[in-house]
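Knowing the structure of chain F, use the given hints to seat chain C on it.
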Amino acid sequence: MSAGLLSRSLTLAAALATALAPAAMGQRLTGAGATFPNPIYTKWFDAYKQKTGIQINYQSIGSGGGIRQFTEGTVDFGATDGPMNDQQIEAVRGNVVHIPTVIGAVVLTYNLPTLGQTQLRLDGATIVDMFLGRITKWNDRRIAALNPGVKLPDIDLIIVHRSDGSGTTYVFTDYLTKTSREWKDKAGYATSVNWPVGLGGKGNEGVTQQVKQVEGAIGYVELIYAEANKLPFALLKNSAGNFVAPSLAGATAAASGAKLKAGTDFRVSITNAAGADVYPITSFTWLLVPADGKDPVKAAQIRDFLTWMISDEAQAMAQQLSYAPLPADVRKLVADRIRALKAAGKPIPG
Amino acid sequence: MATSSLPTPEAPATAPPASLVGAQHGDRVFRLLLTTAALAIPLLMGFLVYELYTGSALAIDRYGLGFVTGSTWDPVAEEFGAAPLIFGTLLSAVLALLIAVPLSLGVAIFLTEFAPRWLRQPVAFVIELLAAIPSVVYGLWGIFVLVPLLKKVVFPFLRDTLGFLPFFQGPIYGPSMLAASVILAIMVMPFIMSVAREVLLAVPNSQREAALALGATRWEAVTSAIVPYARSGIIGAVILGLGRALGETMAVTMLIGNRHEIAASLFAPGYTMAAVIANEFSGAGTDIHFAALTYVALVLFVITVLVNAAARLLIWRVSRGAPAGGTGL
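Residue numbers (our numbering), protein chains in the order written: chain F, 1 to 350; chain C, 1 to 329.
Chain F with its partners taken away, still in its complex shape (with noise of 0.2 Å):
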């Protein structure tokens, strides 16, 4: 009993050893920023521990503080749901390149028990005029229209948004924005916008909570979470006029359907992109790396971790924990871009 207790704690000791010896010899990133992307973030960063032995601490403080924390050089690197802004940028004077990691799609879940198997189907104006609070009942003639042979029930349209500061309300919200006029004038899009109508619940699980609870109510949550927790979905009108279901491949063909150009900066939005299996709500997720490295080492570092997570092994990684993993044009563009990162003003060694 006590043998194998000291041969235990001396295989903890070990295993501390090795944990704290990269430490030690200074091989250790930090990054801070989004939530969203926290779970593939965190796989990644063990699975390329184990590969090369370099520590990366993440912590998924949100995305605003990741731009924060960011600009601050508090962190190696920084993550966001939603591109930092020009203003943002001049702070950290220019010295910034948002690198795509993963596709995030956003589905709208709605608690409607007398519709059974058959999945609603709504467009973008539909929904903008939900949640600008003009359709109050579910069998309004706008949803109607877009459902044919479906009974819709009589009862009142409550909105459940999120409450919280999330990458999941900027996507939602720049989809509204492009698709309405009115809608940028009356709420725009950010990580919290000015609800006109609804309940704030705080997190995918207190949307999801809020909906489930409450008859007649809609939400919108993270496509992830939606299929953990095997919510209703709706099929939703993309630029083509195809009603399609929410899915990983639906997200990665709007990443190709945004036809990004050679020497982008990747800061596009790719809501309601064009393309016949497109599903209109979904955006990239970015890590903020400096443009210019201070410290030729961690740049290297940093380059040689963005080069692995572009590489089919930690992409597939991506589509196991249902994120939608990059295209292969995008994954180009991305490789380019990081062959050209520089350290001290110039290009990074190795």
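Please keep in mind that the hints were generated in silico from the structure rather than gathered at the bench.
A couple of the hints might just be wrong.
What the simulated footprint calls covered on chain F by chain C, stretch by stretch (three residues with Cβ under 8 Å from a Cβ of chain C suffice, anywhere in the stretch; the number is not a length) [claimed, not checked]:
(1) 60-66
(2) 160-170
(3) 190-204
(4) 209-218
Quantities reported herein were computed from a predicted structural model and do not represent experimental measurements.
Just so you know, even glycine gets a beta-carbon here, dropped at the ideal spot from N, CA and C.
Leaving out everything else, chain C in the frame of chain F:
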């Protein structure tokens, strides 16, 4: 300290000066330590205010005192007003006290005056355990148990019976000002109850016996001799509960519906200052949004200080009229 005054072979008791000098030296160190500790608290407060002020300077410059009366909260248009938040914070705390104070005082009086002896300790223990539950657990319990119960049973009942009042009208969603107040009441109850119970236990038995000897019933003894004697302590207990209700964050944000709105109906969603900070702080992208949230924290701080000062004044006025012995009889 005790060891230094003990005679030792080297310094026998007949030679006190050496040990006395040692004690004085020790006293001085001890005094210095305590003074530092005592000064650290106001210093910390000073740092807090300074940090909150500098953090919110941008918002103070732009919105001034209008921030307190404005009711729009629009991070996109960069328009911020905290009136609904202040309203929500005060209303939810007051409602929580309205529910919690009678209940917890009743329990405290029952446990000290009426309950059979074998019941007193176990019940008091269980209620004090409630104080140790993390607020996020209260919040989860609120979402899964309390809100469905309120929504299906309690709210419809209130609407049907008291629906003529504006407080109990309008659609019932579940998450609401009233739901948040109920969870707050449950959370502050153990604090008020256990302090009130200690205070009531401290009332001298002569006070009880005197009242009973004069022919008072148990009830009359409680209302005329015991509670008045303990009233400043009881007010202190209520203030403790109020402080907790004003600052509670997690459980409230999970149940209040998080809507920037001043509504008459208690069924409508609301928002509190602590909740908006918890919700938006991590996602605040722009400097002005960040500053506005810090400004909210500053306002919350000021309100808490004001409430506590008012409470002190209340206790002072009450206890001035009631020196030990009380005016009850």
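So is the stretch 60-66 of chain F in contact with chain C by the C-beta rule, three or more residues under 8 Å, or is the coverage claim wrong? holds (count 5)
For the stretch 160-170 of chain F, do at least 3 residues have a Cβ located nearer than 8 Å to some Cβ of chain C? holds (count 4)
How does the stretch 190-204 of chain F fare against chain C when you require at least three residues with a CB closer than 8 Å, holds or violated? Coverage by chain C holds for the stretch 190-204 of chain F (11 residues, Cβ < 8 Å).
Would you say the stretch 209-218 of chain F counts as covered by chain C, given the rule of at least 3 residues with C-beta under 8 Å? Contact hint for the stretch 209-218 of chain F vs chain C: holds, 4 residues under 8 Å.
The structure shown violates none of the earlier numbered hints.
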